[in-house]
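Working from the sequences, and respecting the hints, build out all of it.
The primary structure of each chain is shown beneath.
2 protein chains.
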Amino acid sequence: MAEITKFNLEESEMPRQWYNLAADLPNPPQPPLGPDGKPITPDALAPVFPMNIIEQEVSTQRWIDIPEEILEILSLWRPAPLYRARRLEKELGTPARIYYKHEGVSPAGSHKPNTAIAQAWYNKKFGIKRLTTETGAGQWGSALAFACSLIGLECKVFMVRISFDQKPFRKLMMATWGANCVASPSPETQSGRDILEKTPDTPGSLGIAISEAIEAAVGDSTGGTRYSLGSVLNHVMLHQTIIGLEAKKQLEKAGEKQPDFVIGCTGGGSNFAGLSFPFVCDKIHGADISIIPVEPESCPKMTRGPFCYDHGDTACMTPLLAMYTLGHGFVPPPIHAGGLRYHGMAPLVSQAAVEGLIEPRAYPQLKCYEAAVTWARTEGFIPAPETSHAIACAIDEANNAKEEGKERVILLNWSGHGLMDLMGYDAYFQGKLSDHALPQGDLDKSLESIKDLPKPEVRKSGKW
Amino acid sequence: MAEITKFNLEESEMPRQWYNLAADLPNPPQPPLGPDGKPITPDALAPVFPMNIIEQEVSTQRWIDIPEEILEILSLWRPAPLYRARRLEKELGTPARIYYKHEGVSPAGSHKPNTAIAQAWYNKKFGIKRLTTETGAGQWGSALAFACSLIGLECKVFMVRISFDQKPFRKLMMATWGANCVASPSPETQSGRDILEKTPDTPGSLGIAISEAIEAAVGDSTGGTRYSLGSVLNHVMLHQTIIGLEAKKQLEKAGEKQPDFVIGCTGGGSNFAGLSFPFVCDKIHGADISIIPVEPESCPKMTRGPFCYDHGDTACMTPLLAMYTLGHGFVPPPIHAGGLRYHGMAPLVSQAAVEGLIEPRAYPQLKCYEAAVTWARTEGFIPAPETSHAIACAIDEANNAKEEGKERVILLNWSGHGLMDLMGYDAYFQGKLSDHALPQGDLDKSLESIKDLPKPEVRKSGKW
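From first to last, the protein sequence lines are chains A and B. Just so it is clear: in the first sequence, position 453 is 453 by this note's numbering, and no numbers are missing. Just so it is clear: in the second sequence, position 174 is 174 by this note's numbering, and no numbers are missing.
Watch out, some of these pointers could steer you wrong.
To be verified - List of simulated lysine-lysine pairs, DSS-like, C-alpha gap at most 25 Å:
(1) Lys367/A with Lys402/A
(2) Lys90/B with Lys402/B
(3) Lys167/A with Lys367/A
(4) Lys6/B with Lys253/B
(5) Lys253/B with Lys6/A
(6) Lys253/A with Lys6/B
(7) Lys249/B with Lys253/A
(8) Lys253/A with Lys253/B
(9) Lys6/A with Lys253/A
(10) Lys90/B with Lys125/A
(11) Lys90/A with Lys129/B
(12) Lys90/A with Lys6/A
(13) Lys249/A with Lys6/B
Everything labelled a hint here was simulated from the structure, so no lab data went into it.
Written out as structure tokens, the structure reads:
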């Protein structure tokens, strides 16, 4: 074996600090606004999150220590391997060298536990007994269930009813880890009861589930419950940067100075941010890297949405965040990459895009499945439908490199495996899927609802 | 992180040879017999297997080189990590140190690809274009589909109809890797058609599927098709020994001289053999190790079956093998650990048991699920129902160590993850499972059918 394909790190080589992009962005993201249109204070978030998490949310410190106990749990599956996709390179006949960070090795099968473990640990340390959250298809809910199980917290998950009924497997993962998962809307909260009364047959939505999870947290009179979010917020991006920090060390072991392309799929932004932020830092300091977030054409917030203030949830319970958005009332088409069906983009990722540090692209569903199948049949691991967006983009760039006859180093985040998503592959093979491109009229209609919200100042430093 | 929990090896530290226990067993297994009751010649197997595999099947050479190209593919997920189960130890309050070899990291999620890759490679090298096999719940079929995809062979899988209909997920994995999977009995073979004519509604059986797969291989008039088996045979055990050879190096890195217990679950015997045979070798040379194959109480060939000659399949198409068996007509109860529902035990494992080198135990289903849930909630990774048998036994021995106040080193094979088997967990949580202990009358009835087959000589060297 002259050629190494898997670049491991020892546990002793794990990053000891998270990287906070807010410290280096030429213009940091603008503050969340309250219902009065004024920046909210940390205290306003205290009923929802523990103060140690809120401190991270508002921090502009560049490096933040990872507590030893968090590292110990992360070391169950971290450092995650960095692979060189040699078989795919050969199949494509490309001179590009394609590397992927395999985040599917976690017990929950995706990158989500990187922040689930951290959030559960900080909540536990703050004296919290119970976490609530929402989940769509269940990737985040299962990650938090896993984290709470190992750290010793109760976990309550409100799962969008249509997924609860149609996709039972991640629900069963949650049960195995001891979490209490209910279909949302549920009779357990006021907002759930109100909706059930009006529309007993509703399939539910992520927006409704967020409302229920927040209500269940702030409504616990003992004060022992908080809410946990799996993407979008600054502290979530922070916790995920361990991905990119590991990847940098591993690329060095592979003999690469620097990637030419860094690619990740984007729903709320966390796996993309996790891989890319350390490289965004390099770019701010002059490195020549194309950093590409890939979103579905059916939910194209960064490629077709405006940068403005909007709520994180459909029911407008969250503060206003400055971000790329399709409008909080936007209902994405039923693509199989459920984790990418979110109307907004993390403020830190959004600001990086405003600054021109990252270059968003949108891909259609069928092309992504085609790329996923090529991947499975060459590299072996079956990717999640979300991950397939990063793969499709990487294959495009590898083909470009071939056409141009140039060696390129491509790094992508292989954010999770597709073993819980095989029904989507089945539908693809049976020719039942379509691309679900978004008509401009639908987008305009959705954006109408946010036209009167405050506008962020578009602060932009220039070209990179 | 003072305490390391994951012991990796570099790709450069991968074993370069497989270990063949046949070279060291005091009495090697007795030869397979043909229909005439006489030992069969290698040539008789040539229509079924390629000659390079047959050579391995009959070899008594101690070390057999692993071809570089096989190592390169195995390095996609190998060396597999060895973990210390510190959270489980803490939960049990045991002084024992529990190590597990994580074979769930392969793309197919189990140890099966270790031999699937090797078999596909040898067939390809021999000029074969297409492999056929049978599969029950699909663990083996998906492993071979994966292997054929990467190596470039067509793959045809006959899947027991009841699993084909009720457990679609591993079938979808096979489709993703490009294999052709059909429900068995199928109209594609004579044996399938015969059965469909008589019993159109049959749920199928592994025995029927084996018959179809062998027929589809030997019936290809171009000579380009062979059959592949995922367990039982000597060459399969051989390919799996990479597990134990890695584990030995990793235990050394963990500072352990030798395990006190080596534990694996047993269906046909391959994952148990893979981990244990290098330690069986140590035991032959004087080491004091308890080596325990764990079978389900509902399919107790080694704890309640006789050691005798029997067919490997229900339809009596295979040669007679000297092994522990419940009779080739035995129909195991519907436990969820589908991979352990096989009537016989690999001849090499059987002979090791005859010699007293290994000490079989049987566990009931509910105790194994209880152990699996304890595992998931402490160690994080959700085990396959098969693997839970090894876990239940390891927990028992850890509790014994606690009672006796003794430090013990326990090594178990974590043969695969349970993400495709969550319906079994669901049934367990809902109280729908039972233990399915096997009535003696049923066993006697099954054994009646093999009473007239030739008897092997019980060659036994003595105590270890």
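To see whether the hints hold, each was checked on the structure:
1. Lys367/A with Lys402/A: holds, 19 Å
2. Lys90/B with Lys402/B: holds, 11 Å
3. Lys167/A with Lys367/A: holds, 24 Å
4. Lys6/B with Lys253/B: holds, 10 Å
5. Lys253/B with Lys6/A: holds, 20 Å
6. Lys253/A with Lys6/B: It holds: about 20 Å lies between the C-alpha atoms, which stays within 25 Å.
7. Lys249/B with Lys253/A: holds, 23 Å
8. Lys253/A with Lys253/B: At roughly 22 Å apart (the allowed maximum being 25 Å), Lys253/B and Lys253/A satisfy the hint.
9. Lys6/A with Lys253/A: holds, 10 Å
10. Lys90/B with Lys125/A: Between Lys90/B and Lys125/A the Cα gap is close to 20 Å, so the pair holds against 25 Å.
11. Lys90/A with Lys129/B: Distance of about 21 Å is within 25 Å: holds.
12. Lys90/A with Lys6/A: holds, 16 Å
13. Lys249/A with Lys6/B: holds, 19 Å
Every hint, counting from the list given before, is met by this structure.
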